[in-house]
Amino acid sequence: MIDLSRRKLIVSGLAATAGASGLVGAARLAQKYGLVPPDHGGIYGLGETLSYASQRLLTRHSLAREFPRSSISPRPFPNELDPLTEDFKRLQSGGFADWRLSIDGMVHQPGSFSIADLKSYPSRSHITELACEEGWSYIAEWIGVPLSHVLHLVGVHPQAKYVVYVSMEPNTWDSIDMADALHPQTFLCYGMNGSELPVAHGGPLRVRLPRQVGYKNIKFITRLTVADSLKGFGKGVGSAASEAGYAWYAGI
Amino acid sequence: MATLGSAQLPAEGSLSSAASSLPAAKLAPRHSGLVRVTHWITTLCFFALLLTGIEILISHPRFYWGETGTVLTKPLFQLPIPSSRKLVPTGYGYVLPDQNGWSRALHFEAAWIAVLTGLLYVISGLLTRHFQKDLLPSKTDFSWRVLWTSIAKPFRFEQPSAAEASSYNVLQRLTYLFVIFVLFPLVIWSGLAMSLAFASAFPWSVTLLGGRQSARTIHFFVSLALVLFLFVHVLMVCLAGFWSRTGAMITGRTGTRKEHI
Chain A
298 MIDLSRRKLI
308 VSGLAATAGA
318 SGLVGAARLA
328 QKYGLVPPDH
338 GGIYGLGETL
348 SYASQRLLTR
358 HSLAREFPRS
368 SISPRPFPNE
378 LDPLTEDFKR
388 LQSGGFADWR
398 LSIDGMVHQP
408 GSFSIADLKS
418 YPSRSHITEL
428 ACEEGWSYIA
438 EWIGVPLSHV
448 LHLVGVHPQA
458 KYVVYVSMEP
468 NTWDSIDMAD
478 ALHPQTFLCY
488 GMNGSELPVA
498 HGGPLRVRLP
508 RQVGYKNIKF
518 ITRLTVADSL
528 KGFGKGVGSA
538 ASEAGYAWYA
548 GI
Chain B
63 MATLGSAQLP
73 AEGSLSSAAS
83 SLPAAKLAPR
93 HSGLVRVTHW
103 ITTLCFFALL
113 LTGIEILISH
123 PRFYWGETGT
133 VLTKPLFQLP
143 IPSSRKLVPT
153 GYGYVLPDQN
163 GWSRALHFEA
173 AWIAVLTGLL
183 YVISGLLTRH
193 FQKDLLPSKT
203 DFSWRVLWTS
213 IAKPFRFEQP
223 SAAEASSYNV
233 LQRLTYLFVI
243 FVLFPLVIWS
253 GLAMSLAFAS
263 AFPWSVTLLG
273 GRQSARTIHF
283 FVSLALVLFL
293 FVHVLMVCLA
303 GFWSRTGAMI
313 TGRTGTRKEH
323 I
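So the protein lines, in turn, are chains A and B. Residue numbering for the first sequence follows the numbering used here, starting at 298 and increasing by one per position. Residue numbering for the second sequence follows the numbering used here, starting at 63 and increasing by one per position.
If we strip away everything but chain A, and leave its shape as in the complex, we get (with noise of 0.2 Å):
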């Protein structure tokens, strides 16, 4: 009627067919390359899914800052802890001599692994910063195994996509890409700043992921499951934290 042309109507029709065909291409493509996270539905699924793809491509290979000895926090802050179950206990008045991390899944030699196996594996350290989701963070010389070494003794199957890591704490677990697992700054970590790792920073086994915040470097690892899915755990969206609401990838 006003400026409402026949021409202008096709074009737009045109261009609002082009624009939506794109997107479901781009959608497509993005989860051929495993670039959609577990948590990409809902109305934050968006935002999720733009961080995690753009992180993918842009920071696949990248290393998290390292620091020289000198910027070690002085006193690093450990974060409020759940009291500790009795299973906890026992296994801490026994040195956790009995400590097991199992790893089971898409892996050919499914096994248990005591500390002392993990440290009887070459022992890598970086000094990184452990930053929380609340602003706060400190430095520290972390000691451990690539998680990448332990997951080639026990032989990842080709279409293995994703590592689950299960916490002796009630409820907490989360999970991570090959991208992640396979990185050689993520490490089960055992030892911090030349000593044992304290109970009260994770000890005897916390995982250290330093491209990502504090909250996805969970503390007293006792399973690990390889998948291609991460549908069958939980309610499928990746972890207890998403569950929770806070996001899947936390590497922002």
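Read the hints as simulated data drawn from the structure, not as lab findings. We put the CB at the ideal spot given by N, CA and C, even for glycine.
Output of the computed footprint for chain B on chain A, the stretches with three or more beta carbons under 8 Å from beta carbons of chain B: (1) 351-359; (2) 432-439; (3) 503-509; (4) 542-548.
Assemble chain B onto chain A, guided by the hints.
Chain B alone, transformed into the frame defined by chain A:
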């Protein structure tokens, strides 16, 4: 698209004068369609970012300078507000509920939309010479008299003239340029610098700001500056006539032009 607002100019009641108003209808709108759409998307995102930013801040209302900082280190300063975390010493006897999950999700989602919208605005502003035509001050603008008039005028509570209503004075131009090309880039940069993964790919983005905690402190102060801008911006809109100004940003029409018809 750009003529959408002015094309509707001849209201039903003035159909008889529609012929005489045709030249007016051909006039460019006060704000182009793209400027109007990006303005309101940015507004929505800004409020989402502000609300969620405050929620996240409440979980640790302490600020530090340098790379690190926790409740065990001396802060640069601490806001006198309660916190949503038990271990933060605030002096208040209660702990607020944790809102960080959805706040972080919405903060980043709104940031994505705001940044993409901002990119669209800046690229089209360069292509259409919007910055040059509408925001870059001319040389004659840089005299004390012109500057002083632009400061004092709004407080005389006069309705702006037709010329003023269809363009910006030097102070407005400089403020908008500062917000668009200094404050927004800084708030985006300092925000990205707080992403551990982003910082792993671009470590200079943190080091140039003086460390992770410095980036967080800068992010806070630039956000404060943006909130200050918002207050002044809305105050000026109110002084110049809230409905005509806001209407111009919605429909593209200005009240003064209507009087011409």
